[in-house]
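Visitor: The lines below spell out each chain.
6 protein chains.
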Amino acid sequence: MLTHIDKQGNPSMVDVTEKQVTRRTATARSVVVLPDEVLQHLVNGDLMSKKGPVFQTAVIAGIMAAKKTGELIPLCHPLGMDNCSITIQVNQQQEIVIDCTASITAKTGIEMEALVGASIAALTIYDMCKAMSHDILIKETKLMEKTGGKHDFKRA
Amino acid sequence: MLTHIDKQGNPSMVDVTEKQVTRRTATARSVVVLPDEVLQHLVNGDLMSKKGPVFQTAVIAGIMAAKKTGELIPLCHPLGMDNCSITIQVNQQQEIVIDCTASITAKTGIEMEALVGASIAALTIYDMCKAMSHDILIKETKLMEKTGGKHDFKRA
Amino acid sequence: MLTHIDKQGNPSMVDVTEKQVTRRTATARSVVVLPDEVLQHLVNGDLMSKKGPVFQTAVIAGIMAAKKTGELIPLCHPLGMDNCSITIQVNQQQEIVIDCTASITAKTGIEMEALVGASIAALTIYDMCKAMSHDILIKETKLMEKTGGKHDFKRA
Amino acid sequence: MLTHIDKQGNPSMVDVTEKQVTRRTATARSVVVLPDEVLQHLVNGDLMSKKGPVFQTAVIAGIMAAKKTGELIPLCHPLGMDNCSITIQVNQQQEIVIDCTASITAKTGIEMEALVGASIAALTIYDMCKAMSHDILIKETKLMEKTGGKHDFKRA
Amino acid sequence: MLTHIDKQGNPSMVDVTEKQVTRRTATARSVVVLPDEVLQHLVNGDLMSKKGPVFQTAVIAGIMAAKKTGELIPLCHPLGMDNCSITIQVNQQQEIVIDCTASITAKTGIEMEALVGASIAALTIYDMCKAMSHDILIKETKLMEKTGGKHDFKRA
Amino acid sequence: MLTHIDKQGNPSMVDVTEKQVTRRTATARSVVVLPDEVLQHLVNGDLMSKKGPVFQTAVIAGIMAAKKTGELIPLCHPLGMDNCSITIQVNQQQEIVIDCTASITAKTGIEMEALVGASIAALTIYDMCKAMSHDILIKETKLMEKTGGKHDFKRA
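Protein chains in written order, with the UniProt record's numbering: chain A, 1 to 156; chain B, 1 to 156; chain C, 1 to 156; chain D, 1 to 156; chain E, 1 to 156; chain F, 1 to 156.
Errors might be hidden in some of the hints.
One copy or two, either will do: identical chains are not told apart, so a pair holds if it fits within one copy or between any two.
As the list claims (entries may be wrong) - Dumping the calculated DMTMM-like pairs for lysine to aspartate or glutamate here, alpha-carbon to alpha-carbon at most 25 Å:
#: 1; residue 1: 142; residue 2: 152
#: 2; residue 1: 19; residue 2: 135
#: 3; residue 1: 150; residue 2: 135
#: 4; residue 1: 107; residue 2: 135
#: 5; residue 1: 150; residue 2: 95
#: 6; residue 1: 154; residue 2: 135
#: 7; residue 1: 154; residue 2: 140
#: 8; residue 1: 107; residue 2: 140
#: 9; residue 1: 150; residue 2: 36
#: 10; residue 1: 139; residue 2: 99
#: 11; residue 1: 107; residue 2: 36
#: 12; residue 1: 150; residue 2: 37
#: 13; residue 1: 150; residue 2: 6
#: 14; residue 1: 150; residue 2: 99
#: 15; residue 1: 154; residue 2: 99
Since the hints were made in silico from the structure, they are not lab data. From a predicted model like this one, the values you see are computed outputs, not experimental measurements.
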C-alpha cells in the first residue's frame, strides 16, 4: 500500500501519533562521476589536502539541505536532528563517493534527510565543477542502511 | 579552472555583472528504479491515469524545489524563472524517467535549477514508495541539454 | 489580555516552558466560491476523478505551508507535526470546502498550522483558476475544532 | 482553460518567456470579524494609537509573507517586488479590514502576492487574539483591483 | 578542540544523541550606535511611546530570525523554542541596547538563537534608519548569560 | 524622515518603482575578537592553510545568508545578486576581520545584503569556536562603502 495516499486518492502525511520515540539512524550515498580533466583539478587541490573548498562546500551544503528535508519533500514530517555528518571519498574507480549519515530520537525515521543531504552535496560538487564540463553524472543515489524503525535495512 | 574558488582558495560566487541577459534553457533528467512490486502499485494507480497522486506530488515538489535552488546550492545566484515543467514517464526498461526543463531570461544559466527539480522529484517518489521497500535506486541524474549561455550543451 | 504583548507593549512569544506535553489536534476550514464557469471546468476535471490536479496541488501546498507556520506567523512557536491532512469537497451550494486537520504531541496547540494549511490551499485553488476569472471569493476561514489544550473548542 | 495544467493533466507553471515587462499592481483585501470583547481590547490599545503592536505585527507579517509567495503557492513564479504596503482599518460594522497593495515591473502579475500578504496579516491578528477567544472569523479574502496585465480588474 | 571539525578536518555537527534534555536559556546583546540626528527622530517617535514602529519591527524581525537559526548557521541543530523575547532600550550613552532571551527544553543550548535574534534586530534598526545616514555602528554583539548546559556562563 | 514608516506610523517598504536600474555595490565588515587560546587553535589550523574549515564554513554561511536578506529584514526588497564574496583575515591586533562585498544591477542598493553576510559569517565563527569559550566578542559591524545609489558612501 502507498502509505502517503489516503482513501480518496489524495496525498497525505503518515500519522505518527501512536509511534514510539526511538533512536533512529540512516546512511545514504550519492556517487558522482567527473570527466578525467575535472577530477585531476580536484585531486591536485581538494583531495590531497582533504579539506579543499569543493568538498567542504559540498559537505556544508548537504548538511544544511538535510535540515530542510521537511520543507522540500512534501509529505515528510518536520523533524529535528541529533546529528548529521557527510564524508566524501574517491574510490578505486576514481568516482566521488558521498555518504551522509543522520540520526534522531523521534517517532519517525530520518532516511529522507540522509538522502537529501547526499543528493544536495552531489549537486554542489556538480555546480562547482560545471564551468569545466557538463559531462558530469550523478551515477546513483540510494539508502545504505537504516536502524531504529519497524524494520532495519542494510543494503546487501 | 574552478570558477567558484577565488585566488586564496576560498569558495566564492562567479561575478556575472558583465554577462549579457539572454534567454537560457536547461533540461535535466533523473531516473528512478523501483522494485517490481512497488512499480506494480504505481502502474495500477498512477501510471494508467497519468495524473495519480505520486507522480503529481513529485512534479509539484520538483517545481517548488527548483525555485529554491539559490537557497540550496551555496554559490548559485538567486534567480527568478520564466518557466519550469516536469514530465514523468516509464520507459521500456520499466524505469521512471523524470525530465525537468527550466527557462529564464537572465545573465546566468539555469541548469542547476533543472537538476535540483529533477532530483527532488525523484526523492519525492522515493519518499512516497519507501513504506513498501527501500530497495529503490535513483539510477542517475544528469544534464540533458542547455542553451543560451556561452556554450550550448546537448548530451550525445 | 493579549497574551502576545508584554508589559511594555511590545510583541512577544508566549512562554510555554511550564506547559504540559499533551496530544493536541485542530481542524480549520476555508471555503472558496468560484464563478459558475470556472467551477464547471473543475467539476468536469477534478471533481469527478477526485484526484485531479487542481485539488491535489492545493492539498500539497496546504500541507507544505502548514509545516511553515512558525516561519509565517511571527509569534508562533516552531513546532513539528505528527500529522496533517487536507480534504477538499464541493458542498450543496457548489462551494469548495477545504478542511485541514493537524495534530501534534507538544506543549502548545496547532490551530495556527491548521488555519495556515487551509488558507494556502484556498489561495492555491485561486491561483490555478485565476486565468479564467478573478471573481473568486475565499468566503471564510475559521477554526472548526481543537482538542488537547486548556480548553477544547468546537464551533457550534 | 486551466492554464496551470499541461496537456497530460499535470500541474505546470505558465511560461512567461514571451510576455512583456510592464508595471503591474494589485490590491487584495481580507476582513476579520472579532468577538466584541476582543475588539474592545484592540480598540483601547491598538486602534486609538494607530500603531499598537497587534496591527503592526500583522502588517510586518503580511509584507514578509508576500515576499514568500513564490515559495508558498506551487506554480507561482518567483518574483521580486517594487513595493508592498498593508493598511488595517476598522469599518463601520466594526470589522477589521486589511488591504495589501503590491507592485512590480515584470512579465507577470502580482495579485497572488497581495492575496498572500492580506491572508497572513489576517492570520497574524487571529494568532495574537486567540487566547481571548477562538470565535474569530476571517470573513472574506478577495482581489480588489489589478492593473498592468492583459486585462485590468476592478471589483464592482 | 574545535568540536565542529571531524577527524579528517571536515566541518560536522556535534552529535547530541547522548546529551540530556534539560531546560536551557540564553541571553545575547547587540548595541547599536546611531548618529545624533537619527537618534533624535527615534526619540521623538519610538522611544517616548515605547511602541513605535522601528523598535517593534526590530523585535519581530529578531524573534523571527531566532526561529531560523538552524537554517542560517550551518552546523547548528534545528531546534524548537519554548520562548523568545527581545527588549530594546536606550542607555545613558544614548546607545540602543537590544537584549534577546531564548529558552528551550532540549539536548543542546540556545545561545546561537539568542545571538541571531539580537543581531537581526540590530540590522533591522540599521535598515530602517539608513536613509538618514550610513554612519551607523553595531558596536558589539555578545552572549550575556547561558544556563542549563554543562557549564553555565555569565559575562562579568 | 524615516523612510520605512508611512504617514499613519505603520512600517512599510520604500516604493522603488520610479528608481533607476544601476549597478550597485556595497562592502560591510564584522570584526570578531576571540580569546587567545581559541585564536591559537585557529592559527595552527585555519589561518596557515587559508582554507581551513572554520573560515570556509563562515564564508559559505555568509554568502548563503546574504541571499536570504529579503527574508530576514522585514522591509528589504527581495533582490537577486550579481556577486557576493567574503574574505576573512587576521589583523595586527589579532582580530578576525570579515569583509563581505555584494553587487547587483537593480533599482535599490545592496548594503543590507553585505551587512547580513558579514554578520552571519561572524556568528558562524562564534558557533564553531564556542565549545572552547563563550568569551567571544563580535566587536563591530558596519558598512565600509557603497556605490551606485543616490549618494555614494565611503567610511572615513
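Visitor: Checking against the hints above, which ones are violated?
Guide: 5, 8, 11
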